[in-house]
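Q: Turn these sequences into a full structure, and let the hints steer you where they fit.
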Amino acid sequence: MSHPTLALTPNTVRQLLRFALLGATALSTTQLYAQTVATETEATQQEATVSQLNNIVVTATGTDVDIKDAPASISVITREEIERKPVSSLAEILSTLPGVTGGYASTGAQSKIKLRGLPEAYTLILVDGKRQGSSAHTNYRPDLGQQDIDWITPEMIERIEVVRGPMSSLYGSDAMGGVINIITRKTSKVWSGSASSDYSKPDSSKRGDEFKLGMNLSGPISENLGLRVGGSVSRRSADDLAGGSSGSRKQNANVLLNWDITANQSISVEAAQGVQRSLASSETNANGNPVVSAWGSSKLVHTYYGLSHNGTYGQYSSKLNLYHNKYENKGSSVGSNSSETVFDGSVDIPYTLGVDGLLTTGFQWKREELDNADTIGGSSGVVTNSSSKLNRNNWSAFAESQSYLLDNLTMTMGLRLDHDSKFGSHWSPRGYLVYHPTSNWTVKGGVSRGFRAPNLKESSPNAATQSGGNGCRGLAGMGWNSSSTNADGSRGCYMIGNANLSPETSTNYELNIGYDYEGWAAEATYFHTDFKNKIDYQPLGYINGYWLTRMENAQ
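Just so we're aligned, residue 1 is where the sequence shown starts under this note's numbering, counting upward by one.
These are computed hints drawn from the structure, not numbers from a lab.
Pairs of lysine to aspartate or glutamate, EDC-like flavour, derived with a Cα cap of 16 Å:
no.: 1; residue 1: Lys319; residue 2: Asp344
no.: 2; residue 1: Lys201; residue 2: Asp240
no.: 3; residue 1: Lys250; residue 2: Asp209
Here are the computed distance ranges between Cβ atoms for each label pair:
no.: 4; residue 1: Glu369; residue 2: Ala271; range: 11 to 21 Å
no.: 5; residue 1: Gln538; residue 2: Ser425; range: 19 to 29 Å
no.: 6; residue 1: Leu144; residue 2: Tyr517; range: 38 to 48 Å
For glycine and all other residues, C-beta sits at the position ideal for the given N, C-alpha and C.
A: Below you can see the structure in the form of structure tokens.
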């Protein structure tokens, strides 16, 4: 982590004042596709890494387990690594891990993290095990927005766990490619805090500079009541050359209140809000337009509220969470928003049935809502339903057992049932073995099923997005060309949803061999994935005066 001396320019002063106001507000408040191909495909790849071990992880099983015993291909980015790498985004840190691509640009498709080559829609992002929802469909097109990773102040992060490969047996839909779980720092028993600042200026005067400031403060209010406050501001100026990156301005604030009811039970209340703005370049071209336009929403707001209970009852432990994520695209001329409300819980039960083991069982209820008048509803020849709102409910139940067959052999078996109000029920099983032939060597592997239910827009014939050309190329064999027009006078084509879609599914096989010595480890992973019912746009043709493509399952 660097702590350079900053020149107090007017812009820097504004950022500092903005940060101070943000922190003061928070404190006063608390005082209360290697792309897997479009048809059924198979992907094989080898991953190799040398990394320093962080012993305990939770994402692979939902419980604490040594990383060597985790039934998955998993990597950890520690607090120390985050401090050593003052990068522009968490995606840039994640891009250094094996099996991870993307994250090496500040905007656009290359800024988004992909696990094992699958697009970002197949990666589930969690914070402390809780889903973060998605802002993708508050934009005109999902590819035009940011990935929802940078809503957490880096100073608040304890570690980041990344599981590569399907984890639907634990987490359900959206975890076909894997899971990114951002683990935050807990409330401290003594008052302590940290702050960091970074400023970077590229060699080229045409490239945008970057400034970041973050803080985390935590301590006891009383004997059983703890407080954590975090906040950050950052700004990256847009590049002033053609083909460069647009800029951004981000502000985040988070407040957590934790009450230890007894020595074995606690309740926590958390609230957070973040604002992200996209910035265009200051220089203009001959037409008077910015050399680099703003990318994505000019103003996106994320709001989070959560209530959690953790309990220990002898050998048993439980978790209950109720939380709500909302994204508002306030830069849209018509306004759009998406939200996700989740109620979930789990219980850990040790058992002895011939062998010792641990059974984790749980449930989840989820409601998704989307309102986007820019792409949903209307009364054109493409869409006749005027409502711009979509919603659905999902409930699920799961169970997973870790059986300690021998001192050096563990078997994990898991099964999850998801029931969607639109797509019915779906089962996701998993089986995994972890074997330690010696204290230094680990051999592990297994088979898992993944699935992804179509999102709200993909599954709605009432959703239509216009393409200027690239999304229409499949229509070329039906007579479409770049000069073709629609009945409303527009060029290009319309891409519409489909209520008859089936969920995407995959079967993953993997084998991992690892060696560690005195805290250092080397490992190699081979995996093979069968992919079915891939959802993508397919050409329909010229219908009622409109060139149309529609979401379909590739067979």
